[in-house]
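> If you read the sequences in order, they're chains Y and E.
Residue numbers are given in numbering that gives the first Met the number 0: position 105 of the first sequence equals residue 104, and the series is strictly consecutive.
Residue numbers are given in numbering that gives the first Met the number 0: position 212 of the second sequence equals residue 211, and the series is strictly consecutive.
Everything labelled a hint here was simulated from the structure, so no lab data went into it.
Do not rely on the hints blindly, as some may be mistaken.
It does not matter which identical chain is used: a pair holds within one copy or between any two.
Unchecked claim - Pairs of lysine to aspartate or glutamate residues, derived as EDC-like cross-links and limited to a Cα-Cα distance of at most 20 Å, are as follows: (1) Lys75 with Glu12; (2) Lys120 with Glu158; (3) Lys5 with Glu213; (4) Lys121 with Glu100; (5) Lys211 with Glu83.
As the structure is a computational prediction, the values presented were derived from the model and not from experiment.
Read off the chains here:
There are 2 protein chains.
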Amino acid sequence: MTKGSKIPNPTIERLALYSRPLEALIESGTPIVSSERLAALCGVNPAQVRKDLAYFGEFGVRGVGYDAQDLLREIKRILSTDREWTLCIVGMGNLGRSLVENENFRKRGYLFFAAFDSDTKKIGIRLPCGLTIEPARKIRELVRELKIEIGVITTPAHEAQRVTDLLLDAGVKAILNFAPIQVWTPECSIVENVDLSVKLENLVYHLERLYKSEKSA
Amino acid sequence: MTKGSKIPNPTIERLALYSRPLEALIESGTPIVSSERLAALCGVNPAQVRKDLAYFGEFGVRGVGYDAQDLLREIKRILSTDREWTLCIVGMGNLGRSLVENENFRKRGYLFFAAFDSDTKKIGIRLPCGLTIEPARKIRELVRELKIEIGVITTPAHEAQRVTDLLLDAGVKAILNFAPIQVWTPECSIVENVDLSVKLENLVYHLERLYKSEKSA
Numbered sequence: 000m001t002k003g004s005k006i007p008n009p010t011i012e013r014l015a016l017y018s019r020p021l022e023a024l025i026e027s028g029t030p031i032v033s034s035e036r037l038a039a040l041c042g043v044n045p046a047q048v049r050k051d052l053a054y055f056g057e058f059g060v061r062g063v064g065y066d067a068q069d070l071l072r073e074i075k076r077i078l079s080t081d082r083e084w085t086l087c088i089v090g091m092g093n094l095g096r097s098l099v100e101n102e103n104f105r106k107r108g109y110l111f112f113a114a115f116d117s118d119t120k121k122i123g124i125r126l127p128c129g130l131t132i133e134p135a136r137k138i139r140e141l142v143r144e145l146k147i148e149i150g151v152i153t154t155p156a157h158e159a160q161r162v163t164d165l166l167l168d169a170g171v172k173a174i175l176n177f178a179p180i181q182v183w184t185p186e187c188s189i190v191e192n193v194d195l196s197v198k199l200e201n202l203v204y205h206l207e208r209l210y211k212s213e214k215s216a
Numbered sequence: 000m001t002k003g004s005k006i007p008n009p010t011i012e013r014l015a016l017y018s019r020p021l022e023a024l025i026e027s028g029t030p031i032v033s034s035e036r037l038a039a040l041c042g043v044n045p046a047q048v049r050k051d052l053a054y055f056g057e058f059g060v061r062g063v064g065y066d067a068q069d070l071l072r073e074i075k076r077i078l079s080t081d082r083e084w085t086l087c088i089v090g091m092g093n094l095g096r097s098l099v100e101n102e103n104f105r106k107r108g109y110l111f112f113a114a115f116d117s118d119t120k121k122i123g124i125r126l127p128c129g130l131t132i133e134p135a136r137k138i139r140e141l142v143r144e145l146k147i148e149i150g151v152i153t154t155p156a157h158e159a160q161r162v163t164d165l166l167l168d169a170g171v172k173a174i175l176n177f178a179p180i181q182v183w184t185p186e187c188s189i190v191e192n193v194d195l196s197v198k199l200e201n202l203v204y205h206l207e208r209l210y211k212s213e214k215s216a
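The following block holds chain Y by itself, in its conformation from the complex:
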């Protein structure tokens, strides 16, 4: 989905995963974490943790573990999550509303600065997060004014590509698309298409295998 990266995407996704239990360990006052412990907390194997972290040079001390604070700081630096990002969202149905109120997004520095919809019945509604739903025709103006970097799309499928084009034209550089259709962007931008039903397909594949192994046992 993304272009020109040397570190594999699955590693990048796992680095983000590793940061979750690290935050919890630091909050609970644990200074050192072993690759085994971190791996168990994330549901991956320890060799995978060591391999992923090795992409970024030397971390930790053999036989002791990683300094949790250092490791988290380094992961955030690598992922560029050590700063705040400005987001807007287009499509204020239930999914849009759940994302804009998501406490984890805010905690990690992903800040929604504008919310858009084309439905006149929704425009003007004040959301619990403090934003007011703006009409889609103001995308261009507000993206520029608020220096929005990332656009999140939660529209119906048939509107997603048009909204993508609008956002990019206004100056957004990256799109996270939840509409159930792949959207396309030129080479000079980043797009990630998220299809929530794909997660279920992965799940039922393994569930079917579980049923079969139970039957043959």
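Once you've looked at the hints, dock chain E against the given chain Y.
Same frame as chain Y, now just chain E:
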């Protein structure tokens, strides 16, 4: 996250991805698709498509392509998405409501048979999909009565593990967890933890690289 599979998870996830444009191609009357075309439609490289499909034996004809109908049927058989699955969902906030109404879930055979919440203000509400929100204390009874196989969790973080235990105890075999915390299940069950903010971390990593390449250009 899942146990005992021979085919790598990324391949399984890509098979689900491949099925999306195949559905569209078949609807538009295209009988044959090349690995190049399919790869372009999914944003992966053609060698990856061929490699993924090779896990399942011989498909397609060299230099011609794949029969779209055959390929889709075979992918659905492999993923066990050629039958219907019974789901329930716990946590009827905005995310829960968006998933339960998701047209793509229904189209692909993921059928929600029950929706639960512990908030007395939500219990009894009739949803657009036709379900009525049931109290969480009825999980055990309804999971058994309706033969629910998969539980989807969209509760706040602090309730997710308790709800997971309740669902498994009632007979659910697989959990798709959207709460912002990892939940744990015994070996005899399947769990997939979905963290939506991980997708953003992947995105900003690539966005930061894009900014750097623009600066140095």
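> Going through the numbered hints above, which ones does this structure break? Give me the numbers in ascending order.
When the structure is compared with the hints, none of them turns out to be violated.
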